[in-house]
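Student: If you want the building blocks of each chain, they are given just below.
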Amino acid sequence: MSVMTVPPSRRASARRDRVGYLFVAPFLIVFVAMLVAPLAYAGYLSLFREQLIGGVRFAGLDNYIQALSDERLLDGVLRVSRFFLVQVPIMLGLALLFALALDSGAMWLSRVIRLGIFVPYAVPGVIAALMWSYLYGPQFGPITQLAEALGLPAPDLLSSDLMLGSVANIVTWEFTGYNMIILYAALRAIPTELYEAAAVDGAGAWRIAWSVKIPALRPALLMALIFSVIGSFQLFNEPALLQRLAPNVIDSAYTPNLYTYSLAFVSQDVNYAAAVSFLLGLVIVVVSYTVQLAVARRRR
Amino acid sequence: MTVTATAPPRATAGAAHSAAAGRRRSPVLTLGMLAVLIYFLLPLFWLVVAATKTTGALFSSFGLWFGGDFALPANVRNVFTADGGVYVHWLLNTAMYALVSAGGAALLAALGGYGFAKFAFRGNRLLFGTVLGAIMVPSTALVIPTYLIFSNVGLVNTPWAIILPSLVNPFGLYLMRVYVEEAVPDSLLEAARIDGAGEFRIFRQVVLRLLAPGFVTVLLFTLVATWNNYFLPLIMLNDPSLYPVTVGLANWAGRASVGGGGTGDVIPLVVTGSLLSIIPLVAAFLMLQRYWQNGLTAGGVKQ
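Chains as they are written, first to last, in the working numbering: chain A, 34 to 333; chain B, 133 to 435.
Any given hint could turn out to be false.
Said to hold, decoys possible - Here are the computed distance ranges between Cβ atoms for each label pair:
1) B:Arg341 to A:Ala58: 17 to 25 Å
2) A:Arg330 to B:Ile326: 43 to 51 Å
3) B:Ala329 to A:Val233: 43 to 51 Å
4) B:Thr213 to A:Pro224: 54 to 62 Å
5) B:Thr213 to A:Gln325: 47 to 55 Å
6) B:Ile326 to A:Leu315: 28 to 36 Å
7) B:Ala167 to A:Ile98: 49 to 57 Å
Think of the hints as simulated: they come from the structure by calculation, not from any bench.
Every residue, glycine too, gets a C-beta built ideally from N, C-alpha and C.
All chains, please: the whole structure from these sequences, using the hints.
Tutor: Have a look at this one:
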């Protein structure tokens with residue numbers, strides 16, 4: 034984060050540095066208008082409550098207190114936490130494995146494979162969810178068809194036991210390739226001298242992967258992890274679309290985001306919705322920082 | 133889901149070894165990865181197959197192979213003519229929202245990234261740190277208050293309701309700042325200054341050119357984010373002629389699953405409409421892969 038300009042004279046450079054404000058101003062103006070202001074407004078709204086009679090009144094932290102003991106919200110947070118703990122390691126593990134395989138240079142068709150795995154990222158989440166919902170579906174889904182053709186009982190992928198896994202599969206399908214590309218790009222940037230030095234020291238392939246490649250990937254993995262935290266806790270598209278097929282399994286509070294949506298637009302309780310989305314934001318920030326700290330500590 | 137487990141770890145190890153020993157290729161690894169590839173491409177293959185079928189064939193023939201009459205031309209025609217041709221609006225809306233948002237976001241990020249990287253103004257670190265922290269702000273948490281603000285100023289149900297929030301891309305700013313540090317040498321800026329070029333001219337004629345790959349990266353990722361956006365337009369828009377493809381198709385899908393007479397015919401619309409809508413983005417990614425892959429290196433390596 035250091036600034037690298039070499040000043041010819043202190044005053045001239047100070048004058049020039051002020052030009053920097055003009056460069057960052059457009060971004061910051063939109064940033065304040067589209068990010069800071071809505072956040073502040075949500076914070077403000079969350080402190081009020083609409084009465085059946087008598088309009089809106091200041092409620093202090095009542096909405097937050099209510100949210101903290103709101104079982105539907107807590108269930109949703111637990112559900113996305115579980116999702117995060119299972120889906121993200123699988124996705125990033127696969128992405129890492131594929132990136133290492135691509136980087137090894139030991140494959141034919143590696144370009145085709147790389148692009149093929151990445152392609153789902155270019156499919157909008159809603160369309161991915163639509164597509165998979167048909168694939169899962171009992172009516173003409175090929176999974177059911179295959180099971181029936183083999184005389185096996187078809188798995189009900191939209192049942193309450195399997196639903197979270199079905200959602201996890203859609204997300205894994207969408208984002209493994211994206212993460213793989215990030216990790217692959219980072220692997221490509223490792224100087225080859227490091228491998229040579231390790232090989233001279235007698236390191237085998239596994240050792241090189243473990244002691245040279247994976248440590249060098251740490252910043253990229255951390256970035257992927259943070260984005261996955263944000264994505265998991267914000268789950269909306271996939272459950273919202275699957276809800277239509279299985280309304281009894283996915284209720285309006287299946288994920289915290291579905292819950293805030295239904296609070297704000299179905300129950301019309303924007304004040305409570307604002308408090309809930311604030312708390313959700315807080316959860317994301319806390320989990321993200323915990324992840325960062327955990328990674329930083331391991332760096333030693 | 134089970135297909136993904138097929139890349140054998142031992143093959144990976146052997147592969148890395150052979151890379152060190154002069155890039156011997158491994159058939160086992162290649163086959164394993166091709167099996168993995170099936171998992172990622174099969175749903176898309178299904179989509180292509182399904183788009184060629186009539187409603188009847190969709191239900192009666194095996195999903196992963198062609199069957200019944202070849203109904204693709206009829207399906208495409210139906211997609212474009214259903215509901216008074218609203219699908220064309222959706223495609224154009226999506227393209228417009230995505231292109232304007234992405235262009236604007238990339239430009240703001242490039243200007244800002246350059247400003248933060250190369251100028252030591254007071255508050256530089258603090259402001260940049262604030263923006264960086266905002267990467268973690270969940271975008272969906274912003275949608276509800278933004279909706280309320282926009283409805284007060286009359287922006288709800290206009291294209292601006294989609295474009296304005298998409299212009300802020302904190303991660304794009306971060307990426308650009310890293311990119312400027314790597315790609316724009318101070319000596320070049322000094323040389324341009326000595327030649328008497330103004331700061332904005334330097335930006336336009338020197339910096340922007342050097343930033344091209346990073347610019348394209350931010351452009352593409354904002355493009356994808358806006359193209360894929362569902363939550364924001366779902367809330368902001370209620371006029372179907374303003375919908376992007378995502379909201380429009382989800383609406384059709386909702387109609388198909390409600391049940392009742394004749395709704396089955398909506399399924400080919402959803403399937404074919406989905407297929408048609410993903411073609412442009414997939415094509416853009418394949419064509420621009422050199423750019424975004426280079427751009428990603430900057431973001432993924434330095435932190």
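Student: None of the hints should be skipped; say for each whether it holds.
Tutor: Hint-by-hint comparison with the structure:
1. B:Arg341 to A:Ala58: 17 to 25 Å: 22 Å, holds
2. A:Arg330 to B:Ile326: 43 to 51 Å: Since the Cβ atoms of Arg330 (chain A) and Ile326 (chain B) sit about 47 Å apart, the hinted range of 43 to 51 Å holds.
3. B:Ala329 to A:Val233: 43 to 51 Å: 49 Å, holds
4. B:Thr213 to A:Pro224: 54 to 62 Å: 58 Å, holds
5. B:Thr213 to A:Gln325: 47 to 55 Å: Holds: the Cβ-Cβ distance is about 52 Å, inside 47 to 55 Å.
6. B:Ile326 to A:Leu315: 28 to 36 Å: Violated: the Cβ-Cβ distance is about 50 Å, outside 28 to 36 Å.
7. B:Ala167 to A:Ile98: 49 to 57 Å: For Ile98 (chain A) against Ala167 (chain B), whose Cβ atoms are near 52 Å apart, the range 49 to 57 Å holds.
Taken one by one, the earlier hints fail for this structure only at number 6.
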